[in-house]
Amino acid sequence: MKTMKAAKVKKHGEIGENCWSIWLEASEIVDEVNPGQFIHVKLNNGEKLLPRPLSICETDTSSNTLRLVYAVVGKGTEALSQVKTGETLRILGPLGNGFDINQSASKSIIVGGGMGIPPLLELSKNIPGKKEIYLGYSSTPFLLEEFEKQNADIYVSTDDGCFGYKGTVIDLMRYNNAQGDSLYSCGPKPMLKALSGWAEKNKIPAQVSLEERMACGVGACLVCTCKVKKENENDWKHQRVCADGPVFRSQEVVWDE
Amino acid sequence: MKTMKAAKVKKHGEIGENCWSIWLEASEIVDEVNPGQFIHVKLNNGEKLLPRPLSICETDTSSNTLRLVYAVVGKGTEALSQVKTGETLRILGPLGNGFDINQSASKSIIVGGGMGIPPLLELSKNIPGKKEIYLGYSSTPFLLEEFEKQNADIYVSTDDGCFGYKGTVIDLMRYNNAQGDSLYSCGPKPMLKALSGWAEKNKIPAQVSLEERMACGVGACLVCTCKVKKENENDWKHQRVCADGPVFRSQEVVWDE
Amino acid sequence: MNEKKINMPDLSIDLAGIKLKNPIMTASGTFGSGKEYGEYVDLNRLGAVVVKGVSLTPWKGNPTPRVAETYGGMLNAVGLQNPGVDAFMSEDIPFLKKYDTRIIVNVSGKSIEEYCGVAERLAEADIDMLELNISCPNIKEGGITFGTDTKMAALVVKEVKKVSRQPLMVKLSPNVTDITEIAKAVEAEGADAISMINTLLGMAIDAKNKRPILGNVMGGLSGPAIKPVALRMVYQVCRSVKVPVVGMGGIMTGEDAAEFILAGATGVAVGTANFTNPSATVDVLEGLESYMKHQGFSSVGEIQNAMKK
Amino acid sequence: MNEKKINMPDLSIDLAGIKLKNPIMTASGTFGSGKEYGEYVDLNRLGAVVVKGVSLTPWKGNPTPRVAETYGGMLNAVGLQNPGVDAFMSEDIPFLKKYDTRIIVNVSGKSIEEYCGVAERLAEADIDMLELNISCPNIKEGGITFGTDTKMAALVVKEVKKVSRQPLMVKLSPNVTDITEIAKAVEAEGADAISMINTLLGMAIDAKNKRPILGNVMGGLSGPAIKPVALRMVYQVCRSVKVPVVGMGGIMTGEDAAEFILAGATGVAVGTANFTNPSATVDVLEGLESYMKHQGFSSVGEIQNAMKK
Ligand SMILES: Cc1cc2nc3c(=O)[nH]c(=O)nc-3n(C[C@H](O)[C@H](O)[C@H](O)COP(=O)(O)OP(=O)(O)OC[C@H]3O[C@@H](n4cnc5c(N)ncnc54)[C@H](O)[C@@H]3O)c2cc1C
Ligand SMILES: Cc1cc2nc3c(=O)[nH]c(=O)nc-3n(C[C@H](O)[C@H](O)[C@H](O)COP(=O)(O)OP(=O)(O)OC[C@H]3O[C@@H](n4cnc5c(N)ncnc54)[C@H](O)[C@@H]3O)c2cc1C
Ligand SMILES: Cc1cc2nc3c(=O)[nH]c(=O)nc-3n(C[C@H](O)[C@H](O)[C@H](O)COP(=O)(O)O)c2cc1C
Ligand SMILES: Cc1cc2nc3c(=O)[nH]c(=O)nc-3n(C[C@H](O)[C@H](O)[C@H](O)COP(=O)(O)O)c2cc1C
Ligand code: FES
Ligand code: FES
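Chains A, B, C and D supply the protein sequences, listed in that same order. So the first sequence is residues 1 to 257, counted in our numbering. So the second sequence is residues 258 to 514, counted in our numbering. So the third sequence is residues 515 to 823, counted in our numbering. So the fourth sequence is residues 824 to 1132, counted in our numbering.
Keep in mind that a hint or two might mislead.
Computed beta-carbon distance windows for the label pairs [as the list claims (entries may be wrong)]:
(1) C:528 / B:273: 44 to 52 angstroms
(2) B:345 / A:73: 24 to 32 angstroms
(3) C:807 / D:880: 32 to 40 angstroms
(4) B:273 / D:936: 31 to 39 angstroms
(5) A:86 / B:288: 50 to 58 angstroms
Just so you know, these hints were derived from the structure itself, not from any lab. Everything numeric in this text was worked out from a predicted model, so none of it was measured. Cβ coordinates follow ideal geometry from the N, Cα and C atoms, glycine included.
With the hints as constraints, model all of the structure from the sequences given.
What follows is the structure in structure tokens.
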């Protein structure tokens, strides 16, 4: 039986402006990870009961560790940021379906925005062939060094123009005339929506990783749903981001919200 | 304005069978303590909101520290026992009224049972004249070395006869024909009730320190009451253990419960 | 007490004529159809799997966000999303039938006809019991009115009893002035068991964005925060009716389960705890077993009768 | 918005014609008569001190234990112990009068006559408002019936209005099916304001000793655990009545207070939080002030109108 596991914190610290990196020892989990999957992290905090979903940023099978990169946005991530090296966290995973990597693509486009960027690192490592990677930040970049180690063309945009192109990552893709036969993306919903339009126009099959507030993380509670088009019908249904996603084909997502 | 204060843990560990000792740095508090007073300890635990009342076992004004000695009996004291040296706890105090020390007594009797023993250490230090100290434990004694440093005759009983006299501390007092003109006591209610009867019979004015579940600790919420006889009336009223006690004259307590 | 018995307490219970191997069930809506937790829990170990709410036709459920975390609890506003009774019968029952556990199906509806329709369809199904959910706070039509109105509650039970083949457990809403009144009314109409409590109606507000957190504005509060209210209501109802009660609301440990049984419950269900720990159901089971051993209880019935005062 | 205003938001409110310097009050029964917290809080900083419940004659209150801690909350069963209105008037009012804060007196009773008797005695007192407690769950006679029965609630308000001189705030019980019905009924009879919520009726069981923890068996649940229920009810009532509402239930921080005001409350009260931190009232006040500055609110009324949807 699978179960929540105690994972020892190997390394933990701020790697950028409100951007934290934590390495966890998680032997049985590490080998199973598909890029784009996430884990559920239970906080050692009586006030909050629910685990927090965080994408797996990268894995290191030699040391049996995996990395999460996160921003402090509320009480849960605040509590997480206080956890010290050597302490243990309870984690569940890997959860969800990762990206469906097109092994025969000659060139792939990878697009990340803000805290959607972390899972794209493990993805980039696993995608064969040529890659254009677009990374959009609000201001200071993070994980850039790690991406630069990938065999890929890296393009960076920032909202405030602090670094790289000033504007959205979609603006940058347009400006750059991005090219590829597969697109993978993770980021805030407005970005994914715009990207989905771009991909449709450019006839590139795109996969997007969505976020929604979660409880169980395993598909049982139905709180984490998103709207997905029904096949061959002018209707939609609710699907679970945790178990049916978090990665969806951009064309099947109903972007109305 | 008084307020809850952050107190640094200077030393913390088990000093006997399920008996813990914690030294806290609490500069402003230490100078004000009367023996028999307690402090409210707030746990760093989201599940439990209420502080825990713990008697001040002794103070060290030279290092501005005070000591608590406690048993792990539930989740709160369990969480407390996990606190490490160097961490801080939030504390409020000193609270309640301590013992009213009879400065002119020629001989005092001090009687403690179980976790009622800790506050009697600071008391013993402050009582002038001759002293007989009776300490009752269930099995292994604790704090005995500290009591032996006091200029007093120490008598020990244990329920299982592991150490000293086998039986209750009241049995031991009877056996020993305890003598004195003031009696001070803290311990479980049945012991205090028996003691109160003994004191009445022997015409010795006795003070007893009571325990009751608390919330505010400052006299506002009225959850911590005990029954106290009304003066010159055949009736009783509820008084607050936290603010009117925890020390009461044994003759005024209604022992029916 | 018999030493041998205490070493191996008998956890089995009789719930309205159905024998369960132990009192631990899943709370409807928190355990999917069992499949989702099958990787984490050996379903054979559970007394019963109570599946999510099933309605006559597919329901889409509420808009997101459907969850908000609160102090010691959570609000949900799923709105009974489900694929309808036909899909449920063809997909989920065959899966659950592979396990040696009881199957209890939570029945949802917006009208008496709809409740009866589901019960009629399920009459043909190989399941052990129906749980009539008259208490979902997330459905505007139906749910809230049935569960909080004594007459409507009695009426829907009466009608469903006419068409159902399996024993009928009725799930009560805590959002009422006097829950014993509803309990007595549904018992009088033939409810074979009562389960309680469903969630407390609550709300969370996002002060920064100045809006309700839930898409549905209000939602149902569950988790340890509500345990004192649940225990009180179970205690009251167990003293008002003769049918067995399945207690739930914030059960996280074996000791919590014991508290509900001391209050009078025959069985207990584990809900929100599954989200905190996917093995919660078996952890509660093991905790209850060890409680019984320590306290010298040889059967669940003994716990039910052990409360002092 | 005006920059100057945001640097110094106006926290004053008008509660049924009484001007309070800010919306932060104490919840009755959690702050004694003010004296007990006088060493920890500068009472001059509070909008109002709402004192503990006062009855016509002295009440002894319930047996101990009167408190049980629960997940994120606590149960109390004090049973309105108080020395009676005469002792209150001679001892506590003179103390509070030394401070520049409003005095609101919580009125308890077991019969309409008793409620009226207290209100009549207080008519002569130099206090600002009465809070009619028709909702204490710890009193078997009276309390629970008045607050959970629409007709009785209306009746007691009607009678007390005849004899009271100060504005009358009515404190509602959350242990009801539809709180808006009670709110509308007391408003119709002349209630000048509504305060809510009192505690949720709950219970705690000691599994080891197999008995209820509270001497009174059941008690009132308060603290952050109940905040979602309190917020929901305040939101509902603010949309049902025109009189101002004072919201409470689990307020621990300035942001919690802001949530209640966003839900529609004019003022807020801090209860259980005082036990966790004796400076809680002023901490909540400072937190609310800083929330207003950050969010650009220049007055409390602006928060009340800011809720989206
Ligand atoms: C599949 C998945 C993968 C994720 N991966 C990452 C990651 O790699 N790095 C990272 O920083 N964050 C990631 N998130 C978001 C992360 O889960 C939330 O930021 C976190 O749960 C917030 O917890 P909190 O207690 O700090 O905030 P809360 O106090 O709960 O909320 C603060 C804010 O965070 C938002 N929020 C809360 N929960 C979620 C959620 N489940 N999804 C989205 N927003 C939420 C709220 O709307 C609110 O604005 C991921 C979310 C999902 C669903
Ligand atoms: C004035 C005063 C001084 C005290 N001094 C000491 C001391 O010096 N050393 C020490 O070990 N203990 C002392 N106690 C008792 C101590 O407060 C409790 O043991 C503690 O609060 C239990 O907390 P918990 O969360 O571990 O237990 P809980 O889980 O809350 O309860 C576990 C058990 O402890 C009992 N208990 C809980 N609260 C109290 C309470 N306030 N008083 C008595 N019993 C309680 C319960 O009845 C229960 O059986 C004192 C109590 C008071 C009122
Ligand atoms: C996400 C979620 C979904 C639920 N769905 C249902 C449901 O479909 N039918 C039902 O009767 N109860 C439903 N409930 C209520 C639970 O079955 C249970 O009564 C309640 O959550 C209290 O138990 P707990 O505190 O252990 O979670 C749901 C609860 C949650 C948290
Ligand atoms: C110990 C205690 C005593 C209380 N006594 C009273 C009372 O005398 N009158 C009253 O109207 N409410 C009383 N209450 C209810 C509070 O005023 C308040 O409505 C409730 O506790 C919810 O707020 P909170 O969660 O901030 O504590 C009492 C609450 C507590 C915890
Ligand atoms: S979080 Fe429970 S179904 Fe997705
Ligand atoms: S603990 Fe509040 S009055 Fe004693």
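Checked hints:
no.: 1; hint: C:528 / B:273: 44 to 52 angstroms; in the structure: holds (48 angstroms)
no.: 2; hint: B:345 / A:73: 24 to 32 angstroms; in the structure: holds (26 angstroms)
no.: 3; hint: C:807 / D:880: 32 to 40 angstroms; in the structure: violated (52 angstroms)
no.: 4; hint: B:273 / D:936: 31 to 39 angstroms; in the structure: violated (59 angstroms)
no.: 5; hint: A:86 / B:288: 50 to 58 angstroms; in the structure: violated (38 angstroms)
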